[in-house]
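Enquirer: The primary structure of each chain is shown beneath.
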Amino acid sequence: SMALNLTINTSNVPLGALLAAEHVKGSVQLSVEEGKDTRLQVSEYFNDANSISRYLARVAPALGLYGANMMEQTEVDHWLEFSARRLCGQPGLTEALGELDLALSLRTFLVGHALTLADLSVWAALKGHEEWPSQGKSFSHVNRWFSFLSSQVPFTSVGNKYTSKKS
Amino acid sequence: MALWELSSLEKYLGLKKPNKYSTQGDKKVPVLQNNNGPPLVGLVTLACHLVKEAKRLELLGDSAENRAVVQQWLEYRVTKLNNCTKDNIKTILKDLNLYLQDKVYLAENQFTLADILLYYGIQPIIVDLAIQEQEQYVNVTRWFDHIQHYPGIRRHLSPVVVLRNRIYSSRHH
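From first to last, the protein sequence lines stand for chains A and B.
First residue of the first sequence? That's 1 in the working numbering, and the numbers climb one at a time after it.
First residue of the second sequence? That's 1001 in the working numbering, and the numbers climb one at a time after it.
Don't take every hint at face value.
Not the full set, but computed from the structure, chain A residues with beta-carbon under 8 Å of chain B [stated by the list, open to error]:
| hint | residue |
| --- | --- |
| 1 | S138 |
| 2 | S140 |
| 3 | N143 |
| 4 | F148 |
Here are the simulated lysine to any residue pairs, SDA-like style, with alpha carbons at most 25 Å apart [unchecked claim]:
| hint | chain 1 | residue 1 | chain 2 | residue 2 |
| --- | --- | --- | --- | --- |
| 5 | A | K36 | A | S157 |
| 6 | B | K1080 | B | S1158 |
| 7 | B | K1094 | A | K36 |
| 8 | B | K1027 | B | R1155 |
| 9 | A | K25 | B | P1151 |
| 10 | B | K1052 | B | I1153 |
| 11 | A | K161 | A | E22 |
| 12 | B | K1094 | A | F148 |
| 13 | B | K1011 | A | A114 |
| 14 | B | K1103 | A | E131 |
| 15 | B | K1090 | A | G136 |
| 16 | B | K1020 | B | H1049 |
| 17 | B | K1103 | A | G128 |
| 18 | B | K1103 | A | Q152 |
| 19 | B | K1103 | B | E1053 |
| 20 | B | K1094 | B | Q1148 |
| 21 | B | K1103 | A | K36 |
| 22 | B | K1103 | B | V1160 |
| 23 | A | K137 | B | N1097 |
| 24 | B | K1103 | A | Q135 |
| 25 | B | K1094 | A | E131 |
| 26 | A | K36 | A | A68 |
| 27 | B | K1055 | B | Q1033 |
| 28 | A | K137 | B | Q1136 |
| 29 | A | K137 | B | K1011 |
| 30 | B | K1103 | A | F139 |
| 31 | B | K1103 | A | L30 |
| 32 | B | K1103 | A | S134 |
| 33 | B | K1055 | A | Q152 |
| 34 | B | K1094 | A | R107 |
| 35 | B | K1103 | A | D48 |
| 36 | A | K137 | B | E1108 |
| 37 | B | K1103 | A | G136 |
| 38 | B | K1103 | A | K25 |
| 39 | B | K1103 | A | M2 |
| 40 | B | K1094 | A | S157 |
Worth flagging that the hints you see were computed from the coordinates, not collected in a lab.
For glycine and all other residues, C-beta sits at the position ideal for the given N, C-alpha and C.
Chain A extracted, bound-state conformation:
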């Protein structure tokens, strides 16, 4: 198969797409480099973080990052949308966290029984959110889920590398 090239904008790092890239690296030929604009070069190119994540998950279907069936795929889409619309810088974070907390009370991962794009994109949105650290304590289920992922590879490396750079 053809080699993929992901360029990431280091002043506004697409953490979710970067995590997806780290996950599929062993399955597809993919190079990651730093540049001015975030884009995934295929025959055309994608420049939206969720589109990049979706494409990467689909070229490596064996990893199950897009869920195990159609229902799970729809759930993944729901959370991708949720992270883009409700968690990325908009007001009303507390309300969104309340919903997330309820969903995570009976779940270890957001969708199904394994890691999916839903976890990657919601984790990334919270990691990059200025208000998350101060709000974390009020939402115990979100907090447990967030620390669990943060302790796993590649969340540790991606999180450390790019959030220290930002500050």
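Starting from the structure of chain A, add chain B where the hints point.
Expert: Below, chain B without anything else, positioned relative to chain A:
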């Protein structure tokens, strides 16, 4: 009851040659005759022995603190859970629920032998819980559902149906 657990554990660990166990006493404590020394006695002793044989030491905890936590829960399994009566099931579920509030696994973020043996031991209790009770002990239920779907663990145990959305309370307090 402990013998099938040991053979399930052998399969999970990928040990090719199954051991032959016997039991001793009224409580049917498992025993393994050891060619190189005295017989090994007791569920926890044997389970730890199998983990070492399979060279999967990380299942006993990857730090000094985690190793202590794993031993504590293994002991809890054979002392508290194995002797649990109808009356103290609720106390056990309540304590465990509080403990698991901020953890994915018993040793925080690491899957260990403690999760496997506590899952085997608590399965008969969880099977009998009503949906409303599952929600009452939400952290136990979540942990249990995660372990029963963990690759290679459930074996012949029937899966317990767990609702993943809450129906009795839309608020978490």
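Enquirer: Verify the proposed pairing of B/K1094 with A/E131, using a straight-line Cα cut of 25 Å.
Expert: Given that 25 Å is the threshold and the Cα spacing comes to 33 Å, the pair is violated.
Enquirer: Are the Cα atoms of A/K25 and B/P1151 separated by 25 Å or less?
Expert: 23 Å, holds
Enquirer: Is the straight-line distance between the alpha-carbon of A/K137 and that of B/N1097 25 Å or less?
Expert: The hint holds at about 18 Å.
Enquirer: Can you verify the interface hint for A/N143: is its Cβ closer than 8 Å to any Cβ in chain B?
Expert: 7 Å, holds
Enquirer: Please verify whether B/K1094 and A/S157 have alpha carbons no more than 25 Å apart.
Expert: Given pair B/K1094, A/S157 is violated - Cα atoms ~37 Å apart, limit 25 Å.
Enquirer: Can you confirm whether the C-alpha distance between A/K137 and B/Q1136 stays at or below 25 Å?
Expert: 21 Å, holds
Enquirer: Are A/K36 and A/S157 close enough, with their CA atoms no more than 25 Å apart?
Expert: Distance ~22 Å between A/K36 and A/S157 Cα, so the pair holds.
Enquirer: Straight-line Cα separation of B/K1103 and A/G128 no greater than 25 Å?
Expert: 23 Å, holds
Enquirer: Does B/I1153 sit within 25 Å of B/K1052, going by the straight-line distance between their CA atoms?
Expert: 18 Å, holds
Enquirer: Take the C-alpha atoms of B/K1103 and A/K36, compute the straight-line distance between them, and say whether it is at most 25 Å.
Expert: Answer violated: B/K1103 to A/K36 is near 40 Å, above 25 Å.
Enquirer: With chain B as the partner, please determine if A/S140 meets the hint condition of a C-beta pair closer than 8 Å.
Expert: Hint holds; A/S140 Cβ to chain B Cβ min 6 Å, cut 8 Å.
Enquirer: B/K1020 and B/H1049 were given as a pair; does the straight-line alpha-carbon distance stay at or below 25 Å?
Expert: Measuring from Cα to Cα gives roughly 14 Å; hence the hint holds.
Going down the numbered hints, you'll see the structure goes against 1, 7, 15, 19, 21, 25, 26, 29, 31, 35, 38, 39 and 40, while the others check out.
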